[in-house]
Every structure is written in structure tokens, then in C-alpha cells.
Amino acid sequence: MSEYWAVIIATVIFASVSGVTIYYTVNQLNKNISLSLMKAIRARARKYKKLKDKVPASSHIWRKELGSRSKGLKCCVCLKSVSSPQYMGGVIHQCDICGATAHPSCSGNAHKDCKCVSMVGFEHVIHQWAVQWIDTSDRSEEDSFCCYCDESCNGAFLAGSPIWYCMWCQRLVHVDCHNNLSKETGDICDLGPLKRLILSPLCVKELHWTGAAGLISSITHGANELASNVRERIRSRGKRYRRGTISVDSDSSGTIDLPSDIEGDSQETNNAAKRRDDRVNGELPEVHESSESDNDKQLMTENTTSTPNGQHEDSHVHNNQKYEIVDVPSDSRPLLVFINKRSGAQCGDSLRQRLQILLNPIQVFELGKQQGPEVGLTLFRKVPHFRVLVCGGDGTVAWVLDAIEKQKFEAPPPVAILPAGTGNDLARVLCWGGGLGIVEKQGGLFSVLKDVEHAAVTVLDRWKITIKDNQGKLMSQPKYMNNYFGVGCDAKVALDIHNLREENPERFYSQFMNKVLYAKEGAKNMMDNTFDYFPWDVKLEIDGSKINIPQDSEGILVANIRSYMGGVDLWKNEDDASDNFHPQSMHDKMLEVVSFTGMLHLGRLQVGLSCAQRLAQGHHIKIEIKTKMPIQVDGEPWSQDPCTIEVSHHCQAFMLKRVSEEPIGHAASIMADVLENAENSGIITASQKRTLLHEIASRLLILLQLKQMRFLIMAAIRWVVLACIVVIGCATIARGDEQPLSRIAIERATVAAVDSASVKAKPTVLGLKFQYANFKNADYNRSGKGFLRLQLINQREDFSFALFSGGLSAPKLIAVSNKVSFENPKAPVYPRLAQGKSWNEMTVTWTSGYSIKEAIPFVEWGHIGGNQMLSPAGTLTFSRNSMCGSPARTVGWRDPGYIHTSFLKELWPDSLYTYRLGHRLLDGTHIWSKSYSFRASPYPGQDSVQRVVIFGDMGKAEIDGSDEYGNYEQASLYTTNQLIRELDSIDMVIHIGDLSYANGYLSQWDQFTAQIEPIASTVPYMIGSGNHERDWPGSGSFYGHNDSGGECGVPTQTMFYVPAENRAKLWYSTDYGMFRFCIADTEEDWRPGTEQYKFIEQCLSSVDRSKQPWLIFLAHRVLGYSSASWYEIMMGSYGEPMGRDGLEELWQKYKVDLAVFGHIHSYERTCPIYQNRCVQDGSNHYSGQFNATTHVIVGGGGAMLSPFRATVPYWSFFRDYDFGFSKLTALNHSTLLFEYKKSRDGKVYDHFTISRDYRDILACSIDNCPRTTLAV
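Counting along the sequence shown from 1, when you hit position 733 you're at 733 in full-length UniProt numbering, and nothing is skipped either side.
Read the hints as simulated data drawn from the structure, not as lab findings. A quick note: this is a predicted structure, and the numbers were derived from the prediction, not measured. Hints are not guaranteed to be accurate.
[Said to hold, decoys possible] Straight-line C-alpha distance at most 25 Å; calculated DSS-like pairs for lysine-lysine:
# : residue 1 : residue 2
1 : Lys406    : Lys464
2 : Lys195    : Lys205
3 : Lys369    : Lys322
4 : Lys341    : Lys406
5 : Lys406    : Lys195
6 : Lys369    : Lys450
Input sequences plus hints: build the corresponding full structure.
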């Protein structure tokens, strides 16, 4: 028993000693922290007198804070605790900017050492060292060390020197180190890691008001202060008598001037505009108390007033603006922040203060009933390249986007989202997360701001919703949708929640509680039969087609994004492959429509146990409601009377998408910087930058989606294997941005050979491409074995297949296959026919690996079944030094082999010939290609059916599905295959520029010539010069752009023959029967007085129209008329500037029937037009005398399509946003048939005929008659 008691006593003694020890340790810790803090404060106070002339004085912006929330804080004046019992039930003063706290009786004596907004007049930004009053995690790991001695500052409160932090760069310094740091650096601050996002105080100019208005304002300000003091004392005495406690304002030794409590609507209107000015000058908003409210105390933090929309609003904002932003550096990207403290997370006050610490305080605006986004946007209106961060929910984002649209920025700022709402659906699809919890887990606001800096610019479709009654009259102002629009059961829940929030706002105090209330209201409606007749009460029409609503439906939702109800993907379906719906995208100008069967269905969707019923996709939605129905747009609900609702595309907004993969994020940032720097340098305009950002955003988003999809698959398997073909001896093909292997960082590849891994290959034909083994073989992840089928082309080298893991950015070489060789890799391949300089001459150009020293090239040819003859061939090539720049001269270079051209002369018109390519080796043996055939050209003026196909901008693609950059020209296969199918009814092809889109990667020319071989080896394949063949700065091209990738026309001029006098200048004429084609080179100067202008006039004037009645002008760029949005935005015109200058008079004078152009990747036909006027209405048949030239755009050969401007010009007769080509058929001397066919099906979608006799050509019309006459 005694032992038992001994154990108990020992345990009690041990517990007591432990408790005392812990208490003592904690007490000492608190004491050390307090002592260190007091040391820092005192040291800062001593420095203040020395620093106040060095750094502008800035008053603290005090606000009243509840004493119960200030535990552990010290007064910045008297250094005593502000959490003493006498203040626990009252209020203390806390700075809204830096977080410093003070007793109400002390705050008036505080040093003016808050974070200053402006340092205009200073040469450099100066460190503002201060005590860190509040603890935040918004700092990088590097900034947790002293910036002078590199010692850790985490233990500064426990021992050693106290610390200060710079309110601009967030760096820490030991107080003892500061003197040395100041001597060495002069206290110059570089604004730290966030310097690009911070609006430098050197750029903020404080505006001063003078005159009578300023005097009146001062008098009013003094009167308000006096009234404030009187009311505060009366209120304090009342509180003292009621509560028996000391009032906040009872200390006569330190009376503070407080702003008056504005009461009543009239006073609110008159004085609200003054509040922000009061707060900036050190005054406080009032703390209101209400005994009836559950929230006993609410802090009022309105900053200023909202103003009416329109011009009056801007004027009002400017009149009340205290600051002006000037001289922002060109490399700065200031961030404008909007915070909605009423959003679901209810964290507005905390976010505002933390962001004001990290940024310039004038960058942070709080939204409310008294202040909208217009104030901040007006302040930043002249700031170039700023970005916007919205801290709130989807409704707040819509509010800000509406305000940005009303400001009519030439280049609207992109918007990022800090998800502080309830659902945060838009933030989710842009990868910013579903709530603020993720922010703290990922490094605090510092990490968020870095993500904003490196975010990718993307675009978001915005939709206009109009509501009309049965007579077609508008029932309300149009609404604008970003996310979704619902009718029925889901809208009813949203409406019930809205009504509940209006009645009991105090119940909505967190994201979690908001979701609980949503679930509760949804459960209430599960047994509701309100929507039993929904399919009969609602009619749905999409793009003019009626859509049946399933009979069990109780609601439909029109979605623009892939997130609903806090992350539910409504468009996801297990049977994606079984229907014809496209994947959902927020920037494809298309909406998705789904239906629900009731509240239970919505609940199952929320937990992932069901899928929504996909109904349709479309561009224009029409919904007819026959009875009163709840409706919601982006969470804003209301009850709608019977009406007709129409949803149409409104515009696109720039958004910022968080990119988790660092290289892509940096790439996106770099692309935006390049465009912004180009704008700063005057190379492009703001509207041109906006267009290019749209293009980059759409392409980058596709790239991001592909990479994210691959990442998910890669994370689930042991080896992520890439099978690619690597050219032996050409491993320098490693980087770039537009070709297959350029996406693989070969220069960073490491060897990680696995003995058991092997690659075996069998030779067929060779090329450069890659495939994912795990994508092509479902069993590969388990077995490690797979099979890839690639169609390859001969490129004159041996090849090996290499197996990589690690993805594209960090490839690891696992194994290399045996070498793959052709029987003769140097064999002649890819013949290209072309018209010679004479009508009875055909040229044959081909590629081989034989130099003139190894073999003699020739062509064996003759009539089919007749004697064969030999024609010699000339040989050309080009070297790396022939290229003008990178990548053609560096990473894109590859030996082109040898280009041979033979001239087959004295052909019989319309006769069939056979030919084959040959090389006689030095030992007398011959190397032969396979046999080909062609039909000779008709005699000029010959009356027979003659058919010519014309298109531009085709490119090449991989027929086996191998990976190509963005599949930019995938549709080129449609055009190529359709032409091959129609080859028997084609006599000649003219490809008017932008041929291969090799863009400096020389191997792609082999890909292109291989793709067109079935066509070019059978009929003449004539070409024109485009910007992607010729343009390069300083190379003599008319446009000094980088479009050719450094090729500057050399490969084009060498690999294709044209009957030009100088092949370096690709303008020429060619005759084919009844056609005369004058082909211009828009990459060389064509203006009046130039060599090319003289050629054009000679070509047009020298034709005998009695023999060749059909005169066609062709060029790559649009020298005529086009309604493409590219020309509208980039040029502000309907074609190339100066394009029609001089040329239009030639076309009219010499009666050119058609002017055909490429460059714009779509199809368009005009009326017969001259000098911006339709001389004759557009039609499908023209007859009689010539009136004017018809202009045609046929640039839809295969490259990514070009959109049209929204409004259709009066002269544009037919437009088609699709891939296709045109076909001219000369039926005889008096009838010409024009057809436009789509590449995907070969059907005719536009056509017209011209019927004209020779005497009609001789007849006069506008500006084409002789200006003098011999008549008397």
C-alpha cells in the first residue's frame, strides 16, 4: 500500500514541477518576445527623427477595431498592451495599412511612419523599415533571413537583435545590422520579388486642390471634425452611464478627432464622396453597435461612393481623385486589386490589409454599395499593361468585367481571381482554386501574386441575355453571362437562398455555412412538384432548331464553363465517344445545354453519382417560357413572368489562368511581355496586341489542356515513354516553338539506359515526328511492351528510334533502336511539275541525295507507248549560310539535299506523256524513280475545257496521327486528299503563298513535297510567295517581319520552279489555254513606279483577249477587299494598306475578271467592285460587258481559320469560315465557271458564271476607256 501511495505522490510532484516549468517557459517566452518587440519599437522611434527627412511622412489610417480581437498586441506609442481588461469590451485603433495598433488616447501622437503611397521627386525608392505589427505568411522563404548578414530572423524575438521589415520589398533586417546596410546601399529599395506587380511610389503623384473649392473643403473638414468630437463625447457619456465602463474617448490628455457618424440618406449622398479622403488623412470610420443583432459590432469600411454610369461617372471620379499615376516603367505590370468583403468567405478586411502590405496601398480597392470598380479603373486608365486581381466570387468577377467593358480600353487588362466566394466556379476552371484555404496551403498571398505575374492569358466568352415579351418588346435591360444560365429547379434553390440572405444576412458568414444552407434549401425542394410540367412550360431552340426537352426534366442549364455548384462538370459524360458533341470550351463561342430531373438529381451530381443529360450545343439559344418561372444568371436569381429569352455571343474578355507547369507559365509571361514591349516600341498598336493575345491565348489553352491530360496519365504509370525518330548527326534540332521535335528538350536529355528495354524498327519511309507509347498501346502501362506504326518519308539519312521517359521537358534516354535505312536513301523523290516560260514547255523539279560530282541527273520522257528521250537537269542546293536567321540558320537547319530541274520542251498540246527521274552514277549504272505521267498544256487560245484549282495557306500534316505542334495545319490533309480524288478533272494547281509553314525548320519542306507529290507529279503545281516563305528583317522583303523563320525565300526559290525572269523575285505570268494568270509577289514592293508594278501592267496589257478572254490576277496578301477581323484590328482597313493604290486602276483599265488572294484563312467573294463601290450587285451569274473586278479570298487551304469581323460590309457577297479551294473552269471563250468547294466533302458551296463575248470586253465602262479620241 505504501508503495502505491509513493507512486501517486511522485506522479503528483512530477506533474506539478512540469506544470510550473511549462508556465515559466511560456512566460519567459512571452517576456522575451515583448522585450524584443519593445526594443524594435524603441529603435524605430529613435531612427524616426533621422529618417523623417529621408522618407516622406505618412499618417496612419486608423480604424476602430474591437478590443477582443487585439490580444497580444502593443500600442505603438506607449508600448503598453492594448489588450488590457479596460479595452477588452471596447475598441482600440489599428492602422488599416501597416497593422500598427494604439490606444484611442495615444493614436493622435503616433509617428507618421506608415507606408507612404507616393515618393514622387525621389531618385530611388527608399526602404521603409518598420516593426512587423501583424504576423503573416505572405513572404518568400528567402526573405525570412536578414538581408545583410543572412542570419535567420525566425528567432529574433527569443534572443539577439530585434528585426525590422521593409514595407515595400518585405525583406527583414536585424536592427543591429541596419546601420551597416544603410551605409553600403543607401537604403535604396528594389521593391523585392514582386517589383513588377507593385506600383512604385515614384509613379504616384499626389494631386493638390487650391482656390475657393479648396478653402471651402478645408472649412467643411474642420466643421466635421468639431461635430465629430461633440457627438463622440455625447455618445461616450451615454455608453459610460449605460454600461458602467470607461468610454473610448475619456482621456482628456490625448483627444482624437473622429469623423462624424453620417446618418440619413441625404447626408450619405452629400458626404460619402469625402470618406475616402478623410480616411487617407488619418481619420476613422465609425463602429456601430446594435443590441438586436447577433453580430454585436460591425466595422464600417466604405472608402468612397459609387457614381452613375457613363460620362458623368468618369467626370465625378476624376474630380474626387487624390492621386495620379505617372511615368510607369515599361517593364512594370502593376496589379489593380478589387476586394468584395461581402463575398462568401467574409475575409475582406484581412485580405485588404495583407495586400496593402505587399503592394502599394492605392492598388487595393474595396468594393461595396458606395464604391464600384470604376474608381480603380479610372485611376489606372493611363497605366500600360496593368493586370487585375479580383478577390471575391463569380458575381464580383462579373461586376469587374462589366466595368472594364464600359471603360472601353483599347487593350483591356487581363483578370485573375482570388476565390473568396461560395462556389468559385470560374476560379476553378482558371485553376485558381475553389476557396481561400488553398491560398494558405500554397504559400500565402505572396505565392498567389507570383502566380498572377506568370499566369497565362486566355479568353472567356461573355454572353448577352435579352428578355422579351410576347410582342417582342424588351422587358428589362440585357444581362450578361460568364458562367451559366439556369431555368427551373436549380434556379429555385438559388432564389430561395437569395431571399434567405436578404432576410437573414448574418447567417451567411462563411463558405462552409453558405454551402450548408444551400444543401438545406435543396433538401426542402426535393418533394416539390412545382416543375412537373416543365417540359411543356418551356420551349428550347438552338441555332434555329427546336430541341426536345426530356419529359422527366425539371430544369435546364446553359453553360459556358466546365464548373457548376462548386466544381461539378456538367458536360462530362461516360459516353463521350457515343455522341457528336464537341468538348466544352470557354472561348469557342459555343454554349452547352443540359437538363436535370429534379433536386435529387442535382444532389447526385454534387457527389459524383450521376451525370447531367446533354441536350445540345450552339451559338444562339432561344428559350420560351409559358408560365412564371425562377431563373438565375451566374447565381443571380429572380422570378420571371412568361417571356422569350435569347442568349447570344456578346464579346470575349481577357482572363489569367494559373499555370502549374513553370516552363509554360514563363512562356506565357514572356509572350505577353514581348507583345507589350513591342507596343511600347511602337512596333504594334494596342488593338494589334489585343488580337495577338487572343490568338496566343486560344493556342496556349489547347497546349495546356493537352499537357494537363498527359500529366494525369503520366502520374498513373511507372514509365512515361516517348517514342520519337531522331536524325543521326542532327541532334541539334532541339528547341523552337513550332515544329515536332522542337518541343523536346533534347539538349537537356540524360542517359538512363535500361538493359531490359529495347526498340526494334523495320524500315518503310522516314520522317521527323513522335508518338506516346502509352497512348497508342492500352496495355503498355502494365506490360512495358508496345507497337507504334508511323508513316515516314525519305530524308536521305539513316535513322534510329529512341525511347524516352520523363516527358518533353526533361527527357531521359532509355534505349535506342537499330538503324533504319532505305535501300537507297539518296534516290530521286517528290517530283514537282511546273509550266515553263513557253506554253509548250514543262519543267520537272525533284530532290535527291546525289551531288553533281556523284551522278548526272536527267529525265527520261516521251509519249505514252512512244519513243522515250532524255533531257538533262540542272542541280542547285543551298547552305546554312544562305539562311537569314534563326531557327533556319541554327536549330532548324537540315541539309536539303540537291534540287534538280529539267526542261521538257516542244510538247504537243493536250498530249499525254510519261516520265521518270534518273541519275547516272560514275560507274555507268542508273538510279531510277518510279514512272509518272502528265498532260501537256493547251495552246494559248485553244477552245477546250480547261480547269484550274487555286488556293493558299495549306501547310502539311501527319497522316499517321503523330504529334505535331498544335496540329496547326491538320486540315491540309483534307485539301490534299480532296484534290487527289478530283485529280482527273484538274489541269493545273496554283498555290498562292504560305506553302509548307516550315518557318525555318528545313526538314518540313520534305514533309510538304512528299504530301503534295501525287498532285504535283501529275499536273503543273504553280506557286506564289507568301509571308511564311519570304519575310525577314533586313533581307529586302517589303514587310520586315519574322514570319519565314529565317528562310527569307531561299528554300522556296530553290525547291520550286516558276517562269520568272529572276526567281529571287517571284512575280511572273503563265498562260494556260484561254487563261492568262498574272501572279504578283506581295512580299516585294508592288507600288506604282516599282519594277513589279511595271511587270503587272505589262502582264495585264499584253494579253490578246480575243484568244485568252479570262484574265486573272493572283497574289498572296489581300491587295483588294477582305472583311477579315485580322485586317480590321491589325490594319484598321479592309486589306493591305496601300494594296489597292495604283493596282485598282490597272485592274479596271485592263478589265481583270478576278483578283484572287490568300493570307486570310477562310473564303470570301465580293461583288464586282471598284473604288469601294459595287459597280454591279453580287450575283451567281454575270453577263454582258465588263463592269468591275470580282475579288475572291481562298486562303482556307489548311492552316488555322481566320475569323471575319462581326459586321458584313455591303460589298461582301459570300463568306465561309471553313477550309476549301476554288476551281475555275473555262468552258469556252465566252463562258467561265467559278466554284468554291469545301475540302471536307468536295461539294460546291458557292459558284458563279461569267458570260461575255469579245465585243463585251472591247466595250467601255468606268475608267477603262481611252482618255483621248481621234473622233471629230
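Against the structure, the hints:
{"no.": "1", "hint": "Lys406 to Lys464", "in the structure": "holds, 15 Å"}
{"no.": "2", "hint": "Lys195 to Lys205", "in the structure": "holds, 19 Å"}
{"no.": "3", "hint": "Lys369 to Lys322", "in the structure": "holds, 21 Å"}
{"no.": "4", "hint": "Lys341 to Lys406", "in the structure": "holds, 23 Å"}
{"no.": "5", "hint": "Lys406 to Lys195", "in the structure": "violated, 29 Å"}
{"no.": "6", "hint": "Lys369 to Lys450", "in the structure": "violated, 31 Å"}
When held up to the earlier numbered hints, the structure conflicts with 5, 6 and fits the remainder.
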